[in-house]
Amino acid sequence: MSLEGVLAQLAAAVAALVLGPLLLGWVNQWRAWLQNRTAPPLTQPLRTLHKLFWKESVMAHGASTLYRLAPYVVFGCMLLASMIVPTLSTNLPLAPAADAIALVGLFALARLFISLAAMDVGTAFGSLGARREMLVGFLAEPAFLMVLFTASLITNSTSLATIVSSLSHRSLAILPSLAFAGVAFTMVSLAENARIPVDNPATHLELTMIHEALVLEYSGRHLALLEWAAALKLFAYSCAGLAIFFPWGIAQANDRTALLFSLPVLVAKLALGGIALAVIETILAKMRIFRVPEFLASAFLLGVLALLVHLLLGA
Amino acid sequence: MSATLAALDGALAVAAAWFAIGIAGLAAPRSVRFVAWFLFPLSAILGVVLAGVALAGLPGGAQSAILPIGLPGLPFHVRLDALSAFFLVLLGLAGSGVSIFAAGYFRAGEGTAPGVLCLQYHVFLGAMAMVLLADDAYAFMVCWELMALASFFLVTTNHRIREIQRAGFLYLLIAHVGAIGILLCFGLLQANTGDYTFANMRAQHLAPLGASAAFLLALFGFGAKAGIVPLHVWLPEAHPAAPSPVSALMSGVMLKTAIYGMARITFDLLGTPTWWWGVVALAVGLATALFGVVFAAAQVDMKRLLAYSSIENMGLVVVAFGLAIVFRAYAMLPLAALALMAMLYHCLNHAVFKSLLFLATGSVLHATHERSLGKLGGLLRYMPWVAWTALIGVIAAAALPPSNGFVSEWLLLQGFLFTGGLPNPYLRMLVPIFAAGVVLVSALAGYVMVKFFGVIFLGRPREEKLAEANDAGFLERLGLAWLASGCVLLGIFPVAVLELIDPVASELLGRGLAQGGRIGDWLVLAPVSAERASYSPLAMLVVALAVVGLAFVLVRRFYHGRVRRAAPWDCGYPLQTARMQDTAEGFGQPIRQIFEPLFRMKRELPTAFDAAPRYKVTIEDPMWHGIFEPIAAATEALSRIVGFLQRGRIAIYLLYSFLTLVAVLFLAQA
Chain A
4 MSLEGVLAQL AAAVAALVLG PLLLGWVNQW RAWLQNRTAP PLTQPLRTLH
54 KLFWKESVMA HGASTLYRLA PYVVFGCMLL ASMIVPTLST NLPLAPAADA
104 IALVGLFALA RLFISLAAMD VGTAFGSLGA RREMLVGFLA EPAFLMVLFT
154 ASLITNSTSL ATIVSSLSHR SLAILPSLAF AGVAFTMVSL AENARIPVDN
204 PATHLELTMI HEALVLEYSG RHLALLEWAA ALKLFAYSCA GLAIFFPWGI
254 AQANDRTALL FSLPVLVAKL ALGGIALAVI ETILAKMRIF RVPEFLASAF
304 LLGVLALLVH LLLGA
Chain E
32 MSATLAALDG ALAVAAAWFA IGIAGLAAPR SVRFVAWFLF PLSAILGVVL
82 AGVALAGLPG GAQSAILPIG LPGLPFHVRL DALSAFFLVL LGLAGSGVSI
132 FAAGYFRAGE GTAPGVLCLQ YHVFLGAMAM VLLADDAYAF MVCWELMALA
182 SFFLVTTNHR IREIQRAGFL YLLIAHVGAI GILLCFGLLQ ANTGDYTFAN
232 MRAQHLAPLG ASAAFLLALF GFGAKAGIVP LHVWLPEAHP AAPSPVSALM
282 SGVMLKTAIY GMARITFDLL GTPTWWWGVV ALAVGLATAL FGVVFAAAQV
332 DMKRLLAYSS IENMGLVVVA FGLAIVFRAY AMLPLAALAL MAMLYHCLNH
382 AVFKSLLFLA TGSVLHATHE RSLGKLGGLL RYMPWVAWTA LIGVIAAAAL
432 PPSNGFVSEW LLLQGFLFTG GLPNPYLRML VPIFAAGVVL VSALAGYVMV
482 KFFGVIFLGR PREEKLAEAN DAGFLERLGL AWLASGCVLL GIFPVAVLEL
532 IDPVASELLG RGLAQGGRIG DWLVLAPVSA ERASYSPLAM LVVALAVVGL
582 AFVLVRRFYH GRVRRAAPWD CGYPLQTARM QDTAEGFGQP IRQIFEPLFR
632 MKRELPTAFD AAPRYKVTIE DPMWHGIFEP IAAATEALSR IVGFLQRGRI
682 AIYLLYSFLT LVAVLFLAQA
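Sequence order for the protein chains is A and E. The numbering of the first sequence is my numbering, which starts it at 4 and goes up by one. The numbering of the second sequence is my numbering, which starts it at 32 and goes up by one.
Derived by calculation from the structure, the hints in this document are not laboratory data. From the three backbone atoms N, C-alpha and C, an ideal C-beta is built for every residue, glycine too. Wrong hints could be hidden among the right ones.
[Unchecked claim] Between beta-carbon pairs, the in silico distance windows are:
#1 E/GLY504 with A/SER169: 54 to 60 angstroms
#2 A/LEU37 with E/GLU499: 55 to 61 angstroms
#3 A/TRP57 with E/ASP502: 36 to 42 angstroms
#4 A/SER174 with E/ARG593: 53 to 59 angstroms
#5 A/ARG291 with E/GLU499: 38 to 44 angstroms
#6 A/LEU315 with E/ALA561: 25 to 31 angstroms
#7 E/ALA362 with A/SER169: 25 to 31 angstroms
#8 E/LEU606 with A/LEU315: 57 to 63 angstroms
#9 A/LEU13 with E/ARG588: 14 to 20 angstroms
#10 A/PRO267 with E/GLY603: 44 to 50 angstroms
#11 E/GLU651 with A/LEU13: 54 to 60 angstroms
[Stated by the list, open to error] Partial selection, computed: residues in chain E whose CB lies under 7 angstroms from chain A:
#12 ALA474
#13 TYR478
#14 PRO621
With the hints as constraints, model all of the structure from the sequences given.
Put into structure tokens, the structure is as follows:
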């Protein structure tokens, strides 16, 4: 573990903490523009976090230690996840600690804790949110793993750093398996990040919310941590997608000049991805909750198809 | 060599001591104090001793002996090799945790006198140890039946309740159907030599047809014990019936003896397996796992939910077993070792976390007298010890990092990712589908576990009386903590554990996982190579804890830590009661809807004019309707036909004898 590696790791963490909320702000801005509304400033999510941290936390009478613990656990999981995914460089000391499967495991751990915390207070909406979150999760998680497995089979590795470095060395041809995987990944990341058409981040309408129902009881610093964690999750997902499908521009190990360019390249890629997300969210309508399993099952099947295509065609 | 000999002697001594403790229980059958404060803790210590002795004997190679017990001319052959040593370690570790818990649990007596219960319990433990040590078919079957009988009596501890009697008989029936399969399998394995020692079976080389038949019989026979679909029906009946420590022991350890039997026969006695056996095991295992987890999600009885979850986990073990067979058949030994390690690791994990969860339900049951999830809730506040240890078990059962359940899932998925190298193209195509199924199962397991923990321990108590629930006593806590620490340690130090159990793969496959190198350094698990895949739970845990701690400190340093308590917000609805939380049925409803064709549901819906509306859903296991009821009906029809012969008059029976005599004479003449 070199000093340089540790610095790269810290840089990745700081980048995630700042860029995550900014990405969210960027998507919100574009959504507003596309819908002919006046957009909030780019830094609005960061300001909201700052405001929430100052507010006192109002907790329900029955809330237990688990309820207070969950925001920290979820935040820790998401920050760890965004440190594992190669964002700026593949030279990460944490890379051997967790591979693609562990990444999915981390997301699942966070989901377990937030769902349990939502059930802890014992309100109707909390348990409703927990149930829906687990419903989305149990289909999205395998679909995401199938996408990652396709990349793993192409590169013969489940280590994210190895996946990125070997994928970025291939020529600019579209592999059919990766094309299927890309569609599956897009569907999964919409569902996992509580975006339209699966969930609406702007709603507080009781019958439609998933993510908002989970965090309904939270306030103050706990809510701030959870919202920051959600921004980190969007960031980690986007970076995982960029790392698999557009791996160019991420600095390889011991390549210092590339390291200088990797941050602008990452920001540019995220900006384009954010616009794409805003367009998707603008042109699609939210689905009924019981259409969600079908939506995610098709993502899962596309993921399996990607694996099969790779094994049949070898590409 | 001498170390191994000592290991075998030690294991036999522990088994004998368990039998002795059982008999000692009869000395004062009604004395709770003697049994609970002396005999059960002693047996827990013996469990630790057994685990230690077997662990010492694991790398030492096989050592056998002949015991002068049994019929004249038919002594017991016993043998301790790496495979049996591994399962003895499992028995010792899980058994000691369950025993110390049982010491606290059986205070009240459960319908059977404590001394008698102690006898049954320890005969069960001793018989399981002897099953793992047996080295001939005769000794194996005697111990196997002893194990089945002892557990039957334990299941029917509360033998005055009608459902429990029924559950017990169902268990006994299926255990014996399975035993017939195993017996027939041994008959094939000895290949007409009349010598039933395992050493002889190892020396025989069966024709492919005979070997395949033997494998299928073993899969059937042991599958009946392991709860493989459709022979799983006894599990969801027997587990709720049995006292919780017994459920824990049956689910945690006894199911593993069936896996031991499958591994022993397939990899050891039969020699080299054929590839399609692996496909059969993969298919059966995946079907079992999916079936188990989907049904677990729909259950409303906490022990029944765990029973279905056990079915799911045994399915995953059989999937790993099938993968190991496929790799072994194509002589891809490093990968076979990987799959075998995944199987063994998952056996160990399941033994620890499922025992833990069953014991937790036992504490809940004692504190609340309630098994139905719909009447529990909020117990985290009243039973913190049980709840927090159960949370560790839940994380493990949901296969999440950094727990032990994740390690075995990780190993299994790594095994699946290597199937691209298989020479058979159809198999190459089939295997990713199995991998997708395994991933789906483990994601659903998370759903089940959130339901289990959330409905029992979180939320508001759904009944008034729950507020009086007391936390577990000291001995119970000790048992829970022992198993919970097992979950944590097995999860954080996978490399150390894998290196300890690697001799099993070397013995069964001729090649271990660590051949020529290590399984990673002590921190990072990398079974094949570091570029290929690596996982370090300790590093992840340390970084995650550092991040959490830093976040906690920084929030307090730059902002504040103020908290105000108020009524729950809940979108501002004023009237809220505890009954408005999700019930167990409600939480399982999406799964019921998605997997509707799998279920046989009976719904009783109220009409709009009901004065006292009732809503009731009952879910039936389709295997009853599809398989067992037709068999029962056919048996009854057959016995009716045969019953026609029984007229109850002596003259008619004399006529039968006369006709038979005439027929025999006629045949002899011809």
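Hints the structure violates: just list their numbers, smallest first. none
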